[in-house]
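Chain A is already provided as a structure; the job is to place chain B with the ligands on it using the hints.
These are the residues of each chain, in order.
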Amino acid sequence: MKLDAKIPDYPIQDIWDKHKFELKLVNPANKRKYNIIVVGTGLAGASAAASLAELGYNIKNFCIQDSPRRAHSIAAQGGINAAKNYPNDGDSIWRLFYDTVKGGDYRSREANVYRLAQVSNNIIDQCVAQGVPFAREYGGLLANRSFGGAQVSRTFYARGQTGQQLLLGAYSSLMRQVKLGKVKIFARREMLELVLVDGKARGIVVRNLVDGKIERYEADAVVLATGGYGNVYYLSTNAKNSNVTASWRCHKKGAAFANPCFTQIHPTCIPVSGDYQSKLTLMSESLRNDGRVWVPKKKGDTRRPSEIPEDERDYYLERKYPSFGNLVPRDVASRNAKYVCDEGRGVGETGLAVYLDFADAIKRLGRKAIEDKYGNLFEMYERITGDNPYETPMRIYPAVHYTMGGLWVDYNLMSTIPGLFVLGEANFSDHGANRLGASALMQGLADGYFIIPYTIGNYLTSEELPKIDTDHAAFSQAETEVDERVKKLLSIDGKKTVTEIHRELGKIMWDYVGMSRTKEGLEKALEEIPKLREEFWQNVKIPADANNLNKNLEFAGRVADFLELAELMARDALNREESCGGHFREEHQTEEGEAKRNDKEFSYVAAWEYTGDGKTPKLHKEPLEFKYVKLTQRSYK
Amino acid sequence: MDRISLTLKVWRQKGPSEPGRLVSYELKDISTHMSFLEMLDVLNEQLIHKGEEPVEFDNDCREGICGMCSLVINGLPHGPQKSTATCQLHMRKFRDGETITIEPFRAKGFPIIKDLVVDRSAFDRIIQAGGYVSMNAGGAPDANNIPIAKEIADEAMDAAACIGCGACVAACPNASASLFTAAKISQLALLPQGHPERKRRARAMVAQMDAEGFGDCSNHAECEAVCPKNISILHIARMKREYLRTIFTA
Ligand SMILES: Cc1cc2nc3c(=O)[nH]c(=O)nc-3n(C[C@H](O)[C@H](O)[C@H](O)COP(=O)(O)OP(=O)(O)OC[C@H]3O[C@@H](n4cnc5c(N)ncnc54)[C@H](O)[C@@H]3O)c2cc1C
Ligand code: SF4
Ligand code: FES
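Order-wise, the sequence lines are chains A and B.
With our numbering, letter number 217 in the first sequence gets 217, and the count goes up by one each step, no holes.
With our numbering, letter number 30 in the second sequence gets 30, and the count goes up by one each step, no holes.
So that you can see chain A by itself, here it is in the shape it has in the complex (with noise of 0.2 Å):
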């Protein structure tokens, strides 16, 4: 396997645009000839299959759920970044490559991210043509905010509910191509297999979810936009269905997966209330613009959090790091409220949780200021939890959110099997060690309306790519393995559910390859994690069959590949011995205890190249240069 990034040698300003002008295009007439499979129905993979659509591909769309409407993204909720500079406060392209690059911890490529914040401006005017309600202003021009990492105000946003009005945008363009024919939708489809015809991707296998049926389906390419894989954690903030699956078996047929370590957490989520507890919640991140962050100074004090006097609390956050108080960036929050917690000072029922107190910012603006702000964050908070945060402070504590490694492509999003190529959060490009907030929308979007419509056409018409069927022996062989594994996984009939052993691998990657890192951790998670996953292979109860609908089946499918990705996850993290972003070595801090980066010896993107099930993966090395952004060491004293 050989990494070639193929980025063009230009100054960073022209590279988009030259590499655009040299890029082959295909004749408008012959592109009804061609036909690509588009997997997801998120903002990436909605965005590719109505863009491509509208350029003449004929397009099979896949998702899990019962409509390509309900993907993932709809619940993201604070907004989407871009340059526009509207509020005039010095925004520029420049400074929000120069942010992303920065605020991912110096482990993303430049140029991915310069053109990502090149695009940026083209994604929020295709959204306002499409009808997106983004708040506006009483002028009537669009309305901006601060978000976490930034000191301008470019997140653009609709509500709380701004990837639900992007998705939606995208969703109604890939409705229309549906009308106009050019799109075929497969919904309540799971993509298990990825057919390889003389090497490259030639199409797909999956289970159809209602009746159980295996399909085949070819294409001249595959696009590959199924999300990201922070359900390996069992609990986190993604959507139920999320998973690694199709990702992971791409990477069995040859993809690389890159820095599989690198996961976000965030640090304001409604705690676990108890075991039952089957997925968290993210409360937004600007409550802590006006929230006070507290445990008690004394170890395991169950007095309620009004009974505790000013003086025997700890606002840890405010005391640590003065300058920017409970303001401090998503990973240095996280932590330290683990370690409160690791102290025995954490709060609540499971002593899982720190406040976050509104009393002094009630006390100073008013309840009603208060009320407008965040009326609705604290009404989730009571349905929730059914406690009332102006009364009592709420209970928070970090949860799994988003994950930034993912399948490696090139710049052209291609993966390292020819044909396949991935966007949105499935692939790892452009976010480093860590995901600045509102650019994830930002990413998906860039990566569906605005690169993969102009890099796909180069392969196409670059490449021979003779005319095949479903007929083809890679199909039924695709087919028989689709197969045998359902068999086999019915076959065993344990005794434990797949939901009691992923919430087992979930404690595993929590304790060990969570929020802190230590070898000892580490080393001890590549033991338990294969021993688990011979457990799942023998003990593992799966009611009913395959020719119906079938949930408990799906998620054994999920499960089983979650715990074949947990150990590569492990084995990066042990590789990484430095601490950069949402990855943190205990080993690798400074003397206040902040990540440490090692940029001479770990300043690349580890790509893992599968080997054979039960053997070692490779790991290939992709250099990173920087040749723009000067490398400075975090510090939020």
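A portion of the hints provided could be inaccurate.
Restricting the straight-line Cα-Cα distance to at most 20 Å, the calculated cross-link-like pairs of lysine to any residue (SDA-like) are [unchecked claim]:
id, chain 1, residue 1, chain 2, residue 2
1, A, Lys373, B, Asp154
2, A, Lys179, B, Lys14
3, A, Lys373, B, Lys150
4, B, Lys14, B, Lys50
5, B, Lys108, B, Val42
6, A, Lys184, B, Met135
7, A, Lys213, B, Lys14
8, B, Lys50, A, Asn30
9, A, Lys496, B, Val42
10, B, Lys14, A, Leu490
11, A, Lys541, B, Gln46
12, B, Lys93, A, Tyr276
13, B, Lys50, A, Tyr276
14, B, Lys93, A, Gly386
15, B, Lys93, A, Glu523
16, B, Lys50, A, Lys297
17, B, Lys28, A, Asp275
18, B, Lys150, A, Lys179
19, A, Lys627, A, Lys179
20, A, Lys297, A, Ile308
Just so you know, these hints were derived from the structure itself, not from any lab.
Just so it is clear, the structure is predicted and the values come from calculations on it, not from any experiment.
Using the frame of chain A, we list chain B with the ligands on its own:
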């Protein structure tokens, strides 16, 4: 922490053309902090351990935004709490010893697939009929070239908040999809981007709604009462005006 016991009566149906029936299950020791769907997860884990088939129900985000969850709880789509989707409902809204009946959304336009899972693809087809602005990627003017009064943008957002769950249909005595359809027509009728196609859109979407077998709106307003996103029936009034416009100004 409070714990309660419940009797569940759950609609079980093996497939689209199989007969279905309510089956009773006893559940003990349910924490009131659980969400309604977590309570069903607990039931399913118990069923699996007993070697029985778990109850199938749709869900994904579990935070009230994807529109995938869809139960009729004690006769009410999305259950007893106002402005709350099933997945956001918590067990503290129920009493110890209570019997809870759980059924699928029922409507001609939403055929049952299995147990509590229904097929809502008709909604996609209603959007396909015209729920969009016909524009291609790449051709948009600068976003601030289209100023929109804040009040109008806010009202469009109120309509756009629809999550496409279908509770409005399940609650309507006529199984009408008017609230869902109106929310989209209204959003695009309010915004200047939607104006060039407004006539064609209203005509096509209403026609598709009829073709899918959804009934007419006769102003019962049950839809608004169960809508988890508080979509107002005023949008139906706007849809009717938009529709009339297609007839009288053709
Ligand atoms: C609670 C929350 C809030 C967030 N808020 C923000 C925010 O404010 N701003 C921001 O920028 N980012 C935010 N993010 C991150 C952002 O929402 C996601 O990173 C982004 O939406 C991912 O989009 P995607 O298109 O890559 O994938 P997804 O939206 O996850 O879509 C994946 C698609 O792939 C399909 N799929 C998956 N596997 C298969 C398979 N095997 N076969 C067939 N189909 C499959 C699914 O059905 C789905 O259609 C948030 C994330 C969360 C969890
Ligand atoms: S109008 Fe309300 S009830 Fe109907 S689909 Fe939309 S959100 Fe659901
Ligand atoms: S599961 Fe998404 S709205 Fe209920």
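So, going through the hints one by one against the coordinates:
no., hint, in the structure
1, A:Lys373 with B:Asp154, "holds (16 Å)"
2, A:Lys179 with B:Lys14, "violated (33 Å)"
3, A:Lys373 with B:Lys150, "holds (17 Å)"
4, B:Lys14 with B:Lys50, "holds (18 Å)"
5, B:Lys108 with B:Val42, "violated (31 Å)"
6, A:Lys184 with B:Met135, "holds (19 Å)"
7, A:Lys213 with B:Lys14, "holds (16 Å)"
8, B:Lys50 with A:Asn30, "violated (58 Å)"
9, A:Lys496 with B:Val42, "holds (14 Å)"
10, B:Lys14 with A:Leu490, "holds (19 Å)"
11, A:Lys541 with B:Gln46, "holds (12 Å)"
12, B:Lys93 with A:Tyr276, "holds (18 Å)"
13, B:Lys50 with A:Tyr276, "holds (18 Å)"
14, B:Lys93 with A:Gly386, "holds (10 Å)"
15, B:Lys93 with A:Glu523, "violated (45 Å)"
16, B:Lys50 with A:Lys297, "violated (47 Å)"
17, B:Lys28 with A:Asp275, "holds (15 Å)"
18, B:Lys150 with A:Lys179, "violated (32 Å)"
19, A:Lys627 with A:Lys179, "violated (47 Å)"
20, A:Lys297 with A:Ile308, "holds (10 Å)"
Going down the numbered hints, you'll see the structure goes against 2, 5, 8, 15, 16, 18 and 19, while the others check out.
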